[in-house]
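Knowing the structure of chain A, use the given hints to seat chain B on it.
Protein chains in written order, with the numbering used here: chain A, -6 to 565; chain B, -6 to 565.
The set of hints was computed from the structure by calculation and includes no laboratory data. Do not take every clue at face value.
Heads up, the list lumps identical chains together, so a pair's fine if it works in one copy or across two of them.
[To be verified] Straight-line distance between alpha carbons at most 30 angstroms, and here's what the computed DSSO-like set of lysine-lysine pairs gives: (1) K338 <-> K538; (2) K(-5) <-> K120; (3) K376 <-> K388; (4) K407 <-> K176; (5) K(-5) <-> K176; (6) K120 <-> K(-2); (7) K407 <-> K(-5); (8) K5 <-> K331; (9) K543 <-> K554; (10) K558 <-> K331; (11) K558 <-> K538; (12) K538 <-> K554; (13) K477 <-> K120; (14) K558 <-> K407; (15) K219 <-> K538; (16) K(-2) <-> K558; (17) K5 <-> K338; (18) K176 <-> K219; (19) K(-2) <-> K407; (20) K120 <-> K5; (21) K176 <-> K(-2).
Bear in mind that the values here come from a model prediction, so they are computed numbers and not experimental data.
Listed below, chain by chain, are the residues.
There are 2 protein chains.
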Amino acid sequence: MKLEKLVGDRFKERPADCVIDSHALMIRGGYMKNVANGIFSSYTILRRITRKIEQIIREEMDAIDGQEVLFPVMLPASLWQESGRYESVGRELVRFNDRNDSPMLLGMTHEEAAVHLVREYGQTYAKYPFMVYQIQTKVRDEPRPRGGLIRVREFTMKDAYSFHTSQEDLEAYFMRCYRAYEKIFARAGLPQVIAVTSDSGMMGGSTSHEFMLLTSIGEDTIVTCKDCGYRANMEAAGSIVVNTGFDASQQLEKVHTPEMKTIEGVCGYLGLPVEGSCKAVVYQKNLTDEYIIVFIRGDLDVNDTKLGNFLREEVHPADITEDSGITAGFIGPYHSDKITMLFDKSLVGIESMCCGANEADYHYTGFNIERDYGAAEYHDFAKAVEGGVCPECGKPSLSVSRGVELGHIFQLGKKYTESMNMSYADANGERRHPIMGCYGIGVDRLAASVCEVFHDEYGPMWPLSIAPWQVHLCCVRADNEEVKAFADELYDRLLSEGIEVIYDDRVVSAGVMFSDADLIGAPVRIIVSPRNLSEGCCEIVTRDKSVNMKAGNADVTGAVKELLKTMLAGSV
Amino acid sequence: MKLEKLVGDRFKERPADCVIDSHALMIRGGYMKNVANGIFSSYTILRRITRKIEQIIREEMDAIDGQEVLFPVMLPASLWQESGRYESVGRELVRFNDRNDSPMLLGMTHEEAAVHLVREYGQTYAKYPFMVYQIQTKVRDEPRPRGGLIRVREFTMKDAYSFHTSQEDLEAYFMRCYRAYEKIFARAGLPQVIAVTSDSGMMGGSTSHEFMLLTSIGEDTIVTCKDCGYRANMEAAGSIVVNTGFDASQQLEKVHTPEMKTIEGVCGYLGLPVEGSCKAVVYQKNLTDEYIIVFIRGDLDVNDTKLGNFLREEVHPADITEDSGITAGFIGPYHSDKITMLFDKSLVGIESMCCGANEADYHYTGFNIERDYGAAEYHDFAKAVEGGVCPECGKPSLSVSRGVELGHIFQLGKKYTESMNMSYADANGERRHPIMGCYGIGVDRLAASVCEVFHDEYGPMWPLSIAPWQVHLCCVRADNEEVKAFADELYDRLLSEGIEVIYDDRVVSAGVMFSDADLIGAPVRIIVSPRNLSEGCCEIVTRDKSVNMKAGNADVTGAVKELLKTMLAGSV
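Chain A with its partners taken away, still in its complex shape:
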C-alpha cells in the first residue's frame, strides 16, 4: 500500500510517559494508541504484525493436532463457580451483572470454558488425547499496567487446552507443545527465548514452564545456573544455603539496641555479621488476616510465592497493629497461640545468632533456636540469590536476571476436570477424570518483545517473518516525473511478484522518508532516486544495514526476491 494513506502518525520525540524502548517506538511509529490505562487500539502496522504472529501460532498449533475453536469473552459466573475460581481469584477478574442481574465475568483464561465445551464429547477413553485452542481477546484488570504492550488489561492471547487419560500421555504432549513453542518463538525471530520452571499460580496443577525472554525491561526475575541447565522463575527457584564458619553456641544475652529496627542496623551496631543474624518478616493471610512470622537469615529475602504455596493460601506483607502483640522491629522467635512461626532453611547451622527480643529496643545475641525456642521445622522460603547454590548441580553458580514471560505451559492435572465433573469411561468401563494441560502465548506482548530485542534508536527492525511489509520502497524526489514513473512501475512489478510493499511516493525530503521507513522497520528498503536512476540502478538496503547493494533496474525484483529468500533462511 501507499505510505501516504497509512493511518497513524509518526513523530520524532520520545513520549515522556514511555519507560521502555519498544513502547516509545510503537507510539512514535503509529503502531498503537492508548484508549485507557492498559487498554489500547492497534493501528494498521501493528495489526499486520499481530496477524502474522497469529498465523505462525496457528500453523504450529495445527501441526501438533490442535483444533481451533472459539470461546466467549463474556462468561456466566456459574462456570467459574464450578471450578471455585469465581471466589478465589482477585479483582483482576472483571465481574458484573447482566441485564437480568445474572453474575457474569470476562474471561482472563478459559480452562472452565474448555472443560464446558468438551465435557460431553470426551466420554470414552478412545476420544483422547485431544487439544483445542483459540486466539482471542482476554481481559485482566491488572492493578498496574505498564510498558506499553508488556502488561496490559486487554490483550490477544492464544490459549490451548489438552486432555489426556494418563500422566505419561500428558507429559508426551507437553513436550510436543514445548517444542512447538520453541518453533513459534524462533519463527517470530526470538530463538533466544528460554523455558524456565515456574510457579503454577492460580492455574493450579503441578509442573509448569514459562517461556522467558531475558531482558532488562522484564518484570519477572529469572534464576539460571551458569554450570548446568537449571532455569527457574524466582517464584519457583529453590534456595540452598550452606552455613559454615560461624561461632559455636554462645550464651544468650539481651542487649539494648535503641531505635534499631532493621537487622542491618542492629548487626552494624553490635559488630556482628548480618549472615549470622535471624530476621523476622511478618505476613498476613489474605482471607483471615492471621499473622505469620517467617524467620530467615538476615541477608536473605522471603519468596512470597513459596510461602503462599506452603500455606496453600495467599498472603500479603503484614499491617502490624498494636493489639497484635507483635513488637515490630524487635521480633524474635517465641511461642504464640495466635501467630504461626515459620523457619527458613537458611537458619540451619547457625548456633548463635542475633535476633529480636520481643521487647522494644532490645535484641538477643547468642540466640540458639533449639535451645532458646525449642524444636523447629525448617522449610525453603528464601529467594535465590546471585552466586547462590544451584538446586540442580549444587555448584554456587546461580545467576539472577530479568525476563519477560512470553508463554506459559502448565500441567494442570485434574483440578478442573474433577471440580467440573468431567469424566470418561476407561477401557474397563470405569469413570475417570481426564488430565489436562494448558498452553498460552500473548500475541501483542510477543510483538513488543521482538521490537524490544530488534531496534535501534531510529525504530524497530522487524524480522522478515512478522514484518508489517517485506519491502519499503522509497521514491526520493517523487516530483521528478521520470523517477516517479520508474518507481510506480517498480511498485507494480514487486506487487505482481507477490511481495508485500509499502510504497512512499510522497514529495518529502529523503530525511523524512528514511526516518519514517526506520520507524516502520520493513527489513528491506529499495531506494529509487534521480542519482540512482541516472546510474540505471536502485539501492537495496536492509533495515539492519548488514546489506547495502545496488541492482540494475531490470534486476531489482530478482535481487530483492533473492535477498528475501536468504533472510527467510536466516542467514542475514
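Just chain B now, with coordinates in the frame of chain A:
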C-alpha cells in the same frame, strides 16, 4: 484431519429448544455449544467456517482500501460520554466499574473508538478519505436472544469506519462498500441478499441500508415492491393510503358500545367498515413517561420507529394509569394540555368515522376530525401493508416478507466527529468536521444464514467457498485392510494436492458414516469401499446430490480437482 479426532458430538435427534433449522443442525452437527443464554462456544467445524468468512470479508475490505486495525472490547465510559451514547443507549450496553471504580463498557459498536484512533491523524484534508476496519468480538446484552446464531449476546463482527471531507466523497465510497458487500455475500454463497433502505436507529445519521436475506425465519419485516425496485425495512417503509368510496360527512352521534374496547369489536357491532374507523394507539415517551396518542385508520398499525423518529425520542406502548385521564378502549380525538395527539395520514379523506367518545362504553359515529376536533396535521406513522401503495412507483404492489439482517451500512454524517471534536484543516485552512460512514457484517450470523438457505433434513450443504472442508473422504469398511490402505493413500494424495480433507476411517457402518458426512456438509464426498475398489474406482458425490460419478482410482484426485474448479466457478 481425521473425523475420529474431530472434537464435538454429532447426533440425530433435533433438540427440542431449537426453533430454526440452522440452529438445530449446528447443534446436531457439533458446530456450537451454548454457554449461557445467547452466548456460545464454537467447535472446530464452525471456527473453520467463520475463519473463511472472515478471510473473504478481509479481502473485500482491503480491495476497497480498508486498513485492518483492532479496537478494544473493553472501553472507558468517558469515550461514550463524549458522543452522548453512554446515556442514550439502553441496557443492551454492558456497563461495569473496573477495580479503580472507573466506569467501563463493552463495545457493541466502535464509532467512538474509531474517532478516538484517527482524531489526531486526520488533521488535514489531504489525509482523506480513509477507512479502518476490524474483525472482533462484540457484546450486546440482548433482552431476547434467539435462533441459535441469529440473535446472540456476543458475536464476531466486521465493523468498518470511513472518513470523508465531503458528502459526495462519502456517497462515492458508500457505493464502493455497497458493491463490496454484494461481493462478500455472493462469495459466501448468498447472492440473493438484497439491500433495503433502513432506519438508522441509535447510530444516528441519515441514509442507511441493510443487507437482508429474505427468509421466513427472519426477525425483520421487509417491504418490497413487485413493480419497481423499492425495498425497505418495515421500520423505514413509507405508507401511502388512498381513501375513496367512503360516505360523505354525517352527523356526529354518540352510541352506547358496552364493553367494546377494540375497534374491530365496535365496528362489527355497529355494522361499520373498520377501514372507516379511527383507532387510538397510546404510547409513552421513554424518558418522561408523557403520553402520546396516535390516531390511525382502524385496520392499520403504528410503526413505532417512525413515531420515535418524528418525536426524536424513544417511545414504548403505554401503561395507561387511572389518573392519566385517558379512557382506555374508548379514546377519540380531544384536546389536552398534557397529552400529545397525533394523526396518521391514513385518516385523510374519511369524512365520517367511528371513534371513541372518551367516556366508558361510548363511541362516536359520524366523527369528522376538522369539524369535531379541529385542524389537525397528518403525518406518516403507519406500517406498510401487503398490497399497499409503493412510495416509489405509486402502484399498489407492496409485498411484506421476513428477512435476516446480515449487514448494515450507514452514512453517519458528523454526529460523532462533531460531538467528539474531530476536525481537519480544509484547503483554505479552515477547521471542519469530517463526514463518517460505517459498515458492519455479522460473521456468525452469516454462517447460520448460509446454513439456513442451504440445508436438507440431514444437514447443511456448505458452499465450497466457506465449507469447513472441501472434501469428505469416507472409507467404508475400514476394517478391510486393502480398502483402508487405499483410502489412506488417497487421503495423502489429496492433502499433497492442497485439498482440504476430512477423512473418516472409523470402523462404523456406512449409515453412520454418511449421516455424519451430511451433518458436516462438505461439498464433495469421496467414497472408498470394497465394492468400488473391486471395480477399480471411487464414488464422487456432491453434498447436494447434483453430481454422482465414478472415477478410476488413478484419476480420483484429478476428477476432484476438476469438480472443485467447476464448483468455484459457480456452475454446480
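Going through the hints against the structure:
For the homomeric pair K338 and K538, neither the shortest alpha-carbon distance inside one copy (53 angstroms) nor that between copies (75 angstroms) is at most 30 angstroms. Taking the shortest Cα distances, K(-5) and K120 sit within 30 angstroms of each other only across copies (12 angstroms), while inside one copy they are farther apart (51 angstroms). For a Cα distance limit of 30 angstroms, the shortest separation of K376 from K388 inside one copy, 17 angstroms, qualifies, whereas the shortest one across copies, 86 angstroms, does not. For the homomeric pair K407 and K176, the shortest alpha-carbon distance inside one copy (28 angstroms) is at most 30 angstroms, but the shortest distance between copies (49 angstroms) is not.
Taking the shortest Cα distances, K(-5) and K176 sit within 30 angstroms of each other only across copies (24 angstroms), while inside one copy they are farther apart (33 angstroms). Taking CA atoms no more than 30 angstroms apart as the test, K120 paired with K(-2) passes between copies only; the shortest distance there is 7 angstroms, against 51 angstroms inside one copy. In this homomeric assembly, K407 and K(-5) come within 30 angstroms of each other (Cα to Cα) only across copies, at 27 angstroms, whereas the closest approach inside a single copy is 53 angstroms. Taking the closest pair of Cα atoms, K5 and K331 never come within 30 angstroms of each other, the shortest separation being 60 angstroms inside a single copy and 63 angstroms across copies.
Taking the shortest Cα distances, K543 and K554 sit within 30 angstroms of each other inside one copy (14 angstroms), while across copies they are farther apart (44 angstroms). Proximity of K558 to K331 under the C-alpha cut-off of 30 angstroms is found in neither arrangement, the shortest distances being 69 angstroms within a copy and 79 angstroms between copies. For the identical chains of this complex, K558 and K538 are intra-copy neighbours only, at 17 angstroms inside a copy versus 46 angstroms across copies, given an alpha-carbon limit of 30 angstroms. In the homo-oligomer, the alpha carbons of K538 and K554 lie at most 30 angstroms apart inside one protomer (18 angstroms), although the nearest pairing across protomers, at 46 angstroms, exceeds that limit.
In the homo-oligomer, the alpha carbons of K477 and K120 lie at most 30 angstroms apart only across protomers (20 angstroms), although the nearest pairing inside one protomer, at 62 angstroms, exceeds that limit. Proximity of K558 to K407 under the C-alpha cut-off of 30 angstroms is found in neither arrangement, the shortest distances being 46 angstroms within a copy and 48 angstroms between copies. Proximity of K219 and K538 under a CA criterion of 30 angstroms is satisfied in neither setting, with 33 angstroms inside one chain copy and 67 angstroms between copies. Taking the shortest alpha-carbon separations for K(-2) and K558, only the intra-copy value of 29 angstroms comes in at or below 30 angstroms, while the best inter-copy value is 36 angstroms.
Taking the shortest Cα distances, K5 and K338 never come within 30 angstroms of each other, neither inside one copy (53 angstroms) nor across copies (63 angstroms). Taking identical chains as interchangeable, the C-alpha atoms of K176 and K219 lie at most 30 angstroms apart only when both belong to the same chain, with a minimum of 24 angstroms there against 60 angstroms between chains. In the homo-oligomer, the alpha carbons of K(-2) and K407 lie at most 30 angstroms apart only across protomers (22 angstroms), although the nearest pairing inside one protomer, at 53 angstroms, exceeds that limit. For the identical chains of this complex, K120 and K5 are inter-copy neighbours only, at 20 angstroms across copies versus 57 angstroms inside a copy, given an alpha-carbon limit of 30 angstroms.
Only between protomers do K176 and K(-2) lie at most 30 angstroms apart by alpha-carbon distance; the minimum there is 24 angstroms, versus 35 angstroms within a single protomer.
Consistency with the previously given hints fails for numbers 1, 8, 10, 14, 15 and 17, ordered from lowest to highest.
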